[in-house]
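Generate the whole structure from the sequences, applying the supplied hints.
Using our numbering, count along the sequence shown one by one with no gaps and you end on 127.
Do not take every clue at face value.
[As the list claims (entries may be wrong)] Calculated cross-link-like contacts (lysine to any residue; reagent style SDA-like; alpha-carbon spacing at most 20 Å):
no., residue 1, residue 2
1, LYS49, SER122
2, LYS91, ARG80
3, LYS104, LEU77
4, LYS104, LEU62
5, LYS104, PHE72
6, LYS49, LEU117
7, LYS49, ARG59
8, LYS49, HIS63
9, LYS49, ARG60
10, LYS49, GLN118
11, LYS104, GLY65
12, LYS104, GLY71
13, LYS91, LEU77
14, LYS104, GLY79
15, LYS91, LEU101
16, LYS49, LEU115
Hint data in this document are derived by calculation from the structure and do not stem from the laboratory.
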Amino acid sequence: MQALFPELRKFFQSFSPLPRRVLHAGMPFVLGFFAAALAGRLLMGQCGDYDKMARITAELFLCGKELLGAVGVGALVLQLFLSAERYG
Numbered sequence: 040m041q042a043l044f045p046e047l048r049k050f051f052q053s054f055s056p057l058p059r060r061v062l063h064a065g066m067p068f069v070l071g072f073f074a075a076a077l078a079g080r081l082l083m084g085q086c087g088d089y090d091k092m093a094r095i096t097a098e099l100f101l102c103g104k105e106l107l108g109a110v111g112v113g114a115l116v117l118q119l120f121l122s123a124e125r126y127g
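Shown next, in the form of structure tokens:
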């Protein structure tokens with residue numbers, strides 16, 4: 040597991056500037072959705088209806104997951120096109 044993080048760091052640092060900007064611009068939104076879902080989970084029984092908060096936090100988590108996929112795949116596809124243009 041410890042060897043995985045340096046490899047991932049090298050992988051993302053090898054990206055061109057444009058896909059790296061896509062990741063830097065999209066990740067705060069992803070983290071915001073996950074933070075909102077976590078805050079909703081922590082406050083679930085204390086403010087509002089428990090079932091309604093459970094549905095809202097589940098939706099926030101799913102939105103964060105889908106946005107993470109969209110940002111990550113978008114950056115990877117952009118990197119693929121840029122590297123194909125450079126080498127092809």
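Hint by hint, here is what the structure shows:
In summary, the hint linking LYS49 to SER122 is supported, as the alpha carbons are separated by about 16 Å, within the 20 Å threshold. A threshold of 20 Å between alpha carbons decides the hint, and for LYS91 with ARG80 the separation of about 11 Å falls inside it, so the pair holds. About 13 Å separates the Cα atoms of LYS104 and LEU77, which keeps this hinted pair within 20 Å; it holds. A distance of roughly 14 Å separates the Cα atoms of LYS104 and LEU62; the hinted pair therefore holds under the 20 Å criterion.
The straight-line distance between the Cα atoms of LYS104 and PHE72 is roughly 9 Å, inside the 20 Å bound, and the hint therefore holds. For the hint linking LYS49 to LEU117, the alpha-carbon distance of about 18 Å falls within 20 Å, and the restraint holds. A distance of roughly 13 Å separates the Cα atoms of LYS49 and ARG59; the hinted pair therefore holds under the 20 Å criterion. Between LYS49 and HIS63 the CA atoms are separated by roughly 16 Å; this keeps the pair inside 20 Å, and the hint holds.
As the CA atoms of LYS49 and ARG60 are separated by approximately 16 Å, the hinted pair is consistent with the 20 Å bound. A threshold of 20 Å between alpha carbons decides the hint, and for LYS49 with GLN118 the separation of about 14 Å falls inside it, so the pair holds. Among the hinted pairs, LYS104 with GLY65 is consistent with the structure: their alpha-carbon atoms are about 12 Å apart, no more than 20 Å. Restraint check for LYS104 and GLY71: the C-alpha separation of about 11 Å stays at or below 20 Å, so the hint holds.
For the hint pairing LYS91 with LEU77, the CA-to-CA distance comes to about 15 Å; that is within 20 Å, so the pair holds. With a C-alpha separation of about 16 Å, the suggested pair LYS104 and GLY79 falls inside the 20 Å cut-off, and the hint holds. At roughly 15 Å between alpha-carbon atoms, LYS91 and LEU101 fall within 20 Å of each other, so this suggested pair holds. Between LYS49 and LEU115 the alpha-carbon distance is near 14 Å, which keeps this suggested pair within the 20 Å criterion.
In the structure shown, no violation is registered for any of the earlier numbered hints.
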